[in-house]
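Work the whole structure out from these sequences, hints included.
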Amino acid sequence: MARELGRQGHRLLLLGRNAERLAALTGELEAEGLGNRSLALDLAESASFEELAQLASEVDVLVHNASYFPPYQRVEKLDPAELARMSAVGLEAALALSRLVLPGMKRRGFGRIVLVGSVAATLGGQGQAAYATIKASLGALARVLATEASGHGVTANLVELGLIETERMEAVVKPELRAALLARIPAGRFGQVEEVAALVAFLASEKAAYLTGATLPLTGGLGLGFGGA
Numbered sequence: 002m003a004r005e006l007g008r009q010g011h012r013l014l015l016l017g018r019n020a021e022r023l024a025a026l027t028g029e030l031e032a033e034g035l036g037n038r039s040l041a042l043d044l045a046e047s048a049s050f051e052e053l054a055q056l057a058s059e060v061d062v063l064v065h066n067a068s069y070f071p072p073y074q075r076v077e078k079l080d081p082a083e084l085a086r087m088s089a090v091g092l093e094a095a096l097a098l099s100r101l102v103l104p105g106m107k108r109r110g111f112g113r114i115v116l117v118g119s120v121a122a123t124l125g126g127q128g129q130a131a132y133a134t135i136k137a138s139l140g141a142l143a144r145v146l147a148t149e150a151s152g153h154g155v156t157a158n159l160v161e162l163g164l165i166e167t168e169r170m171e172a173v174v175k176p177e178l179r180a181a182l183l184a185r186i187p188a189g190r191f192g193q194v195e196e197v198a199a200l201v202a203f204l205a206s207e208k209a210a211y212l213t214g215a216t217l218p219l220t221g222g223l224g225l226g227f228g229g230a
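Numbering (the working numbering), first residue to last: 2 to 230.
Some clues are possibly wrong.
For lysine to any residue, the following SDA-like pairs were computed, each having C-alpha atoms within a straight-line distance of at most 20 Å [to be verified]:
id: 1; residue 1: Lys-175; residue 2: Ile-165
id: 2; residue 1: Lys-175; residue 2: Ala-121
id: 3; residue 1: Lys-175; residue 2: Val-120
id: 4; residue 1: Lys-107; residue 2: Tyr-211
The set of hints was computed from the structure by calculation and includes no laboratory data.
In structure tokens, the structure reads:
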């Protein structure tokens, strides 16, 4: 997503907890001629937003792609500490960041807020009570933001992701589950990060000015019925 937005001409401010990986990405982007800066911080910590507040007025496009994914836990075994952290990173940070950037967006008459969710919000799944609930809340937040920002050139949308080939999916989805999961996807494959980036970049563009308050599933059809000859 950072690369795609950089290629569209956006100056980037990258946030992440892993300072080493963040520095490596920053260096790669600079080598490609994509201007950026980065901040290593934890969105679960309230102090992070004090550091971001002075930069927020310059933000035209906010992409909230942060989440915390602990081990699967059934409802009756939910760890309150894990739930609190998941909510802080996955939902409360999205709301706090939106609060910071909206005044500047409204003042300039242009803004894009893109929240990244999960098909778990729609499909649910055993052991995903907290994760699915928080991701579902992002859809409501996108609709509220779209309503409150209407008339100011600001849009807010949710990208609902299915199974995307990432390091996290590789760690969570064991080889023996891959075939079973693929059988549930009408597209017959997992999604690629480049496809996510392309959709996010479109939502961040001027061409998407009339698209707001929407939940866009990038899932390969996961959850749909099956047909065929």
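Verification of the hints:
no., hint, verdict
1, Lys-175 x Ile-165, "14 Å, holds"
2, Lys-175 x Ala-121, "18 Å, holds"
3, Lys-175 x Val-120, "19 Å, holds"
4, Lys-107 x Tyr-211, "16 Å, holds"
Checked against the numbered hints above, the structure violates none of them.
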